[in-house]
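Which chain is which? The protein sequence lines are H and W, in order.
Under this note's numbering, the first sequence has 87 at position 87, and the numbering climbs by one with no breaks.
Under this note's numbering, the second sequence has 81 at position 81, and the numbering climbs by one with no breaks.
No wet-lab data here; the hints were simulated from the structure.
Bear in mind that the values here come from a model prediction, so they are computed numbers and not experimental data.
Among the clues, some could well be false.
Restraint ranges, calculated between C-beta atoms of paired labels, are given here [as the list claims (entries may be wrong)]:
| # | chain 1 | residue 1 | chain 2 | residue 2 | range |
| --- | --- | --- | --- | --- | --- |
| 1 | H | C262 | W | E142 | 44 to 54 Å |
| 2 | W | Y257 | H | P141 | 31 to 41 Å |
| 3 | W | E29 | H | P141 | 47 to 57 Å |
| 4 | H | V37 | W | E170 | 20 to 30 Å |
| 5 | W | E262 | H | P50 | 48 to 58 Å |
Here are some, though not all, of the chain H residues that point toward chain W, as calculated from beta-carbon distances under 10 Å [to be verified]:
| # | residue |
| --- | --- |
| 6 | L44 |
| 7 | L54 |
| 8 | G62 |
| 9 | G65 |
| 10 | A67 |
| 11 | H97 |
| 12 | L101 |
| 13 | R108 |
| 14 | G110 |
| 15 | K144 |
| 16 | D164 |
| 17 | D166 |
| 18 | P236 |
By construction, the Cβ of each residue, glycine as well, lies at the ideal position given by its N, Cα and C atoms.
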Amino acid sequence: MAQLNMVQAINLALREEMARDDRVVLLGEDVAADGGVFRISEGLLERFGPERVLDTPLAESGIVGAAIGMAAYGLRPVVEIQFLGFLYAAFDQIFSHAARLRTRSRGRFGCPLVIRTPYGGGIKAPELHEESSEALFCHVPGIKVVVPSGPAAARGLLLAAIRDPDPVLFLEPTRLYRMIREEVPEGADALPLGKARIAREGGKVTVVAWGSMLERVLTATAPYDAEVIDLLTLSPWDEATVLASVRKTGRLVIVHEAVESCGFGAELAATVAAEAMLSLRGPVFRVTAPDVPVPLARLIDHYLPSVERIQRSLDEVLQY
Amino acid sequence: MDTKLRSILPDHELIRLYEQMVLCREFEEACAEQYTKGNITGFLHLYSGQEAVAAGATHALHGDDYVISAYREHPQAIVRGADPRRVMAELFGKATGICKGKGGSMHLFDPNLHFMGGYAIVGGQFPIATGLAFAARYRREERIVACFFGDGAVNQGTFHEGLNWARLWELPVLYVCENNFYGIGTEVHRSSALADIHKRTCGYDIPSERVDGMDVMAVYQAVKHAAEWVREHSRPYLIEAITYRFRGHSMSDPGKYRASAEVELWKERDPIPNFAKRLLGEGIAGQPLLDKVRETAAAQVAEAVKFAEESPWPDDDEVFNDVYV
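The shape of chain H in the complex, shown without the other chains (with noise of 0.2 Å):
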């Protein structure tokens, strides 16, 4: 089994989907000469054709809109944005189109896209290249969101959210693309969407977190008897396994690189809350960014929730 990075591991998806389903396209702006701005898409032009993989212009409600369009027709498209932060020009699309075409159309087009966007801080861009804005996604019903935190659950979500019927936001933690390598099975089936996934077992608190907070909370917690938890999809989320957990440990701290304010956390919680709140021996805590805009590079380190944070949050939590 190869070792792989990320982006290696998301290409390696591209590669095995485009092969399997002639349906699939890839288009976004620099994806097929240029192989994407992280050459995620690299060498897939050559293999695959500019019939599949397509340049666009620089538009991304017009990239969208036309991924609808195809999937409305049967394609399967795979949007690249360059950064989260480009795909507000693109919110009237998703929100009022791709989400609401099954509903508007009672069932009969669906709208089997996936936009995937690199998202989140850490690499020294300003904020509209560092935003994580999940939960504005996650508001709209009628889209999944889908957040990988290593190569292999990129590689394995990635072929899920092609190969599922609905419209799916597909966020890569961009501070993790080169950072971690690790073994992906080339051929092996895809992750299912909507199941979270234990990342270490532990008995005293509950910590949720995804994308590319899990690595740093899972430094942060390596000293404590805590029970990780990777959410993996955020929407539809998989209340089974974090209730279970929660009310095994008793207690919960949420981990977000988001802002905290309606943040996904705060969903998290009131559903702890009133599904398990006879389990919780203390508060539920949330250890996000705080509610100001992603700062430049010198500032990022005081603002995403770092690992000397989360511990704080977690001796706090366990004094209960």
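Starting from the known structure of chain H, fit chain W onto it as the hints suggest.
Relative to chain H, chain W alone:
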């Protein structure tokens, strides 16, 4: 105008175009009545006055071409073949509606008719038309995509994105602009630096022309020629049909921005009686036949209203269906 109708289409197709325009007018006027009664709620944008565009253009398309449109689209679905009963039920929000009562007036869909939807966001359909056309070419199909929109949509970024792409990728899209001169109350001269909309394609090297959208045969002939050109060359084309809506933007718009003299002037150009005159003058139909057409359409629309009234509401649980697979 001098060309004889029979040299363009056989009698039964000419009569068919007349029937469709009359049916659309009757349907829209019935919608207004049902809206006033409270049976249709929300926003209702009626097509009365523009029938020649929907009827003439759709008649020039192939049955398996895709049609995508905006929110003033009941007649476009009907001339495409949608059952008026199910369209009316959709406007009522009934379970028997064309979209089971949840799409509503602005979101009619029918995949069997390759009617890919009404879009309530102005200009929302342009990029989607691009994708549909790409998929048609990808699958080596002969279909083209007919993308209808109003004069208000041409200042959205998606219009320019769509045209640029369609030309760049050589996609078979036929753009049909229904220029009725007003985006709600803003006259086209006050919203567009170049109000001659068909000329705006020069920046994208897309051929275009302007046609009298009050003349069903002129629309038919222009769209027929353009659709064949698009099909043959796999390239986009744009038609600007000059037309007029006899009612306000929606039922809640009294239309005070238009002088009544202006509206009256355009009503003299009403596509339905003018086409009737030509049918009579060229001996294609007699008055009894035209009367019969109107009676039949009125009966069909009355039946549609009755069907909608008597249809059941969707089950409450329907609200949870069709969000995800």
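Verify the interface restraint on H/A67: the C-beta must sit less than 10 Å from at least one C-beta of chain W.
6 Å, holds
Does the CB of H/G62 sit less than 10 Å away from some CB of chain W?
3 Å, holds
Under 10 Å is the threshold here; is the Cβ of H/D164 close enough to any Cβ of chain W for the hint to stand?
Since the shortest Cβ distance to chain W is 8 Å, the answer is holds.
CB of W/Y257 to CB of H/P141, is that within 31 to 41 Å?
With Cβ atoms ~38 Å apart, the hint holds.
CB-CB spacing for H/P50 and W/E262 relative to the 48 to 58 Å hint
Taking Cβ atoms as reference, W/E262 and H/P50 lie about 51 Å apart, which means the hint holds.
Do the numbers back the hint for H/L101, that is, is its least Cβ distance to chain W under 10 Å?
Holds, about 8 Å.
Report holds or violated for the interface hint on H/H97, using the least CB-CB distance to chain W and a cut-off of 10 Å.
H/H97 check passes; min Cβ-Cβ to chain W is 6 Å, inside 10 Å.
For the hint on H/D166, just tell me whether its beta-carbon gets within less than 10 Å of chain W.
Holds: closest Cβ of chain W sits about 5 Å from H/D166, inside 10 Å.
If you take the shortest Cβ to Cβ gap from H/P236 to chain W, is it below 10 Å?
With Cβ-Cβ at 8 Å, under 10 Å, it holds.
Was the hint right that H/L44 lines chain W, CB cutoff 10 Å?
16 Å, violated
Against the range 47 to 57 Å, how does the distance between the Cβ atoms of W/E29 and H/P141 compare: consistent or not?
36 Å, violated
Using the nearest Cβ pair, does H/K144 come within less than 10 Å of chain W?
This hint holds: H/K144 lies near chain W, its Cβ roughly 8 Å from the closest one there, short of 10 Å.
Consistency note: the structure conflicts with the earlier hints numbered 3 and 6.
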